[in-house]
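Which chain is which? The protein sequence lines are A, B and C, in order.
Numbering-wise, our numbering puts 60 at position 60 of the first sequence, and it's gapless, one number per residue.
Numbering-wise, our numbering puts 1298 at position 298 of the second sequence, and it's gapless, one number per residue.
Numbering-wise, our numbering puts 2055 at position 55 of the third sequence, and it's gapless, one number per residue.
Hints should not be assumed to be uniformly reliable.
Said to hold, decoys possible - No farther apart than 30 Å at their CA atoms in a straight line, the calculated lysine-lysine pairs in the DSSO-like style are these:
hint : chain 1 : residue 1 : chain 2 : residue 2
1    : C       : K2199     : C       : K2140
2    : B       : K1171     : A       : K170
3    : A       : K170      : B       : K1150
4    : B       : K1171     : A       : K78
Claimed, not checked - Per the computed footprint, the stretches of chain C lying under chain A, defined by three or more beta-carbons under 8 Å from a beta-carbon of chain A, are:
hint : region
5    : 2059-2071
6    : 2160-2173
7    : 2185-2199
Claimed, not checked - What follows is a list of derived Cβ distance ranges for each label pair:
hint : chain 1 : residue 1 : chain 2 : residue 2 : range
8    : C       : D2072     : A       : F124      : 23 to 31 Å
9    : B       : D1237     : A       : K2        : 48 to 56 Å
10   : C       : Q2019     : A       : K2        : 13 to 21 Å
11   : B       : F1172     : A       : D88       : 49 to 57 Å
12   : C       : G2074     : A       : F124      : 55 to 63 Å
13   : A       : D88       : C       : T2152     : 43 to 51 Å
14   : A       : G17       : B       : A1045     : 17 to 25 Å
What the hints contain is simulated information worked out from the structure, not anything from laboratory work.
Yeah, the Cβ is synthetic: ideal placement off N, Cα and C, and Gly gets one too.
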Amino acid sequence: MKKILEVRGLTKIYGSGCPRCISATGPAHDTNVCPHCGTVVAAHDVAFDLHEGEILGIMGESGSGKSTVVKTLFFDDKPSSGSARFHDGEQVQELFDLNPAEQRWLRNHKFGMVYQNPNLGLNFNVSAGGNIAERLLMNDLRHYGDIRDRARQLLARTEVLSNRMDESPKRFSGGMQQRVQIAKALATRPPLLFLDEVTTGLDLSVQARILDLILEIQQELNTAMIVVTHDLGVIRLLAGRTLVMKYGRVIEAGLTDQILEDPQHAYTQRLVASAL
Amino acid sequence: MNSSYELPLDEADYNFGFLDEYAKREIRRAILKSICIPGYQTPYASREMPMGRGFGTGGLQLTLSLAGPDDVLKVIDQGSDDSVNAVNLRQFVSLTCPGLTTTTHTSDATIIQSRHRIPEQPLNESQVLVLQVPYPDALVVVEPSEARRKAMHGEGDYSRLLTKLYEDIVKFREITISHRYPTRINGHYVIDPSPIPRYDVPQLNQSPALTLFGAGREKKIYAVPPYTNATPLAFDDVPFRTEDFHDDRGERIACARCGSTRSFLDELPLADGSKRWQCSDTDYCDQQLQLKSGTLTGARQ
Amino acid sequence: MEPRLRIENLSKRFVLHEQAKTIPSCEDVNLSVYTGKLTALVGPTGAGKSSVLKCVYRSYLPTAGRMLYRNDLGTVTDLAQASDHEVLTLRRNDIGFVTQFLHCLPRKSALDVTCEPLIARGTSAHEAHEEGKRLLRCLKVPERLWGVPPATFSGGEKQRINLARGLIARPRLLLLDEPTASLDPGTTDNVISLLQDIKQDGVALLAIFHHPELVSRLADNVFELTPPLTTPNLQETTLS
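Could you build the full structure based on these sequences and the hints that come with them?
Here it is, written out as structure tokens:
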């Protein structure tokens, strides 16, 4: 298995920062806000490797920094320090050294993102098909008929009724909106997909079918994914390996079954023990 | 403006072309930059003119910066030399540019200022077409932030504009943009070609004349240099189409006045509820009439 | 002959932070598993039999000791120290685990569940399905169940799906945790002959069996575990 992403020392702080920020925050201090200067240490020294076709789970409660990690990798946010190497075939790209234009190119061509809030991932002013068309047009497809066929196929694959492809996703249910988001993210067949709490807030039965879909896609397209969630069930179902985060730090990393059956950190043990 | 109006004596020594030389120089620099980067919206310090924004102050400043005493100016609005706005602008320029002559004949003009039309008669290398622009940025319909629009222009990312065309075809089976049709210049920047109809867009392509666009309120100048590609955005399988003037029987409608079947027509509703079609370009229509009656003389044949 | 797997001084203790306790699970285990042979783990409940299997599969992180896995090329990996990615690769290609319980997607058909490990390894869906059907037939899973998710199956049916899933990819080392616990005698015989076939194929097996009879019929080596609690110095100790 080839590496697709290597993240090292990824740190994101919000605030002016002071020399004591790092030593005064984290799980041991039960906070991610520096008591000396008020800076929020959203993530500190996060490191992991991701291999082709692998699903990595990042688990933690809100404020643990799990979303911050994917936001910086998808260029929604700038990291304070750290590096992320993206292996694209023979090419290796230092993600945080790229200029904004190069970053946008990678985002549009090589990455996909599915947000918890469909507002962020979808344009409600255009139809479901138009949302997918936009991503195909970014990739220089210029044939209306082809674009429509691809959009129809993608929506069919994510089980969105094709007779609704010309409706605005505004009128869709939450589960359907997530399906359109997934179809849109997959339009360019990206080798790397970020999923940020994609099933949070959905009905259980809808959640289950979306998770099935994600797994099927991962098997069909061999897409590497980073799945951010607070839900142990999602982790159990999707992720081969898992990082557990708390107050901006990775407190535990390992094979998902090991994290669930033999958690090492007190926090993870509590989390697993309290799961339904 | 009253045609008999004369400047008061203490204002009679206004600079040629109303604008001071520094202002003109700044505008000329912006023009040069616009020609060098075809389709790029060059910012400039749009001056206050003695008329409201939206009445063509952007085009006017371009005209005043370009005009010399030996220039011949034609001003049209909706294809017509006689509309109020065209008349006012023409008189203002003649008043402030002593020596400059005005004309209604396209072929006689060295500078043509227009808002809605490109004249039917093909332009030549010695002519400059100045278009008044209300909204210079074609991306404004899909992206409210100017900073992001600039990045999109820089990267040539017009996917969202194309998505709008896609949506149009989905909803109406064709692209419904009637004017201000987004057009890609020299393979990179997409411009909003002022409120000209789709019909006129092909005239921008490889035109021998220089076309300048001035947006007074938005403080932008851009250009389609002579002999430059201007390609309307479209899909490979849904090509760009101009307005077609065919009736129910599939016959090309002719101008009710001159009988031309090769011009852009205006629809005129009549009192009895019927409608009538007539050339939008009044100079062209007059020429056709004269050609018919054999009274057309000289160079305009 | 070099063993497929050599476990040296393996210990597993659980540290429970919440209760401030350390619970020993297995202590100082030494055993070897050979190609084409079955090593049976025996011992009373609580002796840590399952823990040993889970340590080998790395569902548990061993506390001490080495677990040296030797692949077909002779490369030796210490499973106690291997990276997560190394373990994942070994799980995909070399090491299989059949547990007492079936963990799978609740909405996948029995046949798909069975074929999954083969497809994950890159076998075509068609080929995988053929092999899956062969195994399910051999394990006497009625054909009407193949297209149904196993969640609704009886214990014995689930067990058979689980076995088929563990056997389909023909791992080099197969870990079995009471694979016949809820099977009727007829199916158990089938399982036994299937395991014998697998041994013939050169698969090394490390197994826990419910019935002593199975141990005597299948095991080439027997390793007896004693509960670590009996060792006085390893009794539950309160963390200071």
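Against the structure, the hints:
Between K2199 (chain C) and K2140 (chain C) the alpha-carbon distance is near 21 Å, which keeps this suggested pair within the 30 Å criterion. Taking the CA atoms of K1171 (chain B) and K170 (chain A), the gap is near 17 Å; set against the 30 Å cutoff, the hint holds. Taking the CA atoms of K170 (chain A) and K1150 (chain B), the gap is near 28 Å; set against the 30 Å cutoff, the hint holds. With a C-alpha separation of about 39 Å, the suggested pair K1171 (chain B) and K78 (chain A) falls outside the 30 Å cut-off, and the hint is violated.
Counting residues of the region 2059-2071 of chain C whose beta-carbon sits less than 8 Å from any beta-carbon of chain A gives 3, enough to reach three: the coverage restraint holds. Only residues whose C-beta sits within less than 8 Å of a C-beta in chain A count toward coverage, and the region 2160-2173 of chain C has 0 of them, not enough to reach three; the restraint is violated. Counting residues of the region 2185-2199 of chain C whose C-beta sits closer than 8 Å to any C-beta of chain A gives 0, which falls short of three, so the coverage hint is violated. D2072 (chain C) and F124 (chain A) have their C-beta atoms about 56 Å apart, which leaves the hinted 23 to 31 Å range violated.
Judged by the Cβ atoms, the range 48 to 56 Å given for D1237 (chain B) and K2 (chain A) is violated: they are separated by roughly 38 Å. Range check, Q2019 (chain C) to K2 (chain A): about 43 Å between beta-carbon atoms, so the 13 to 21 Å window is missed. Between F1172 (chain B) and D88 (chain A) the Cβ separation comes to about 40 Å, which falls outside the hinted range of 49 to 57 Å. For G2074 (chain C) and F124 (chain A), the hinted distance range of 55 to 63 Å is satisfied, since their beta carbons lie about 60 Å from each other.
Distance hint check: the CB atoms of D88 (chain A) and T2152 (chain C) are about 44 Å apart, consistent with the given range 43 to 51 Å. For the pair G17 (chain A) and A1045 (chain B), the supplied restraint of 17 to 25 Å is violated, since their beta-carbon distance comes to about 41 Å.
Of the numbered hints given earlier, the model fails hints 4, 6, 7, 8, 9, 10, 11, 14; all others are met.
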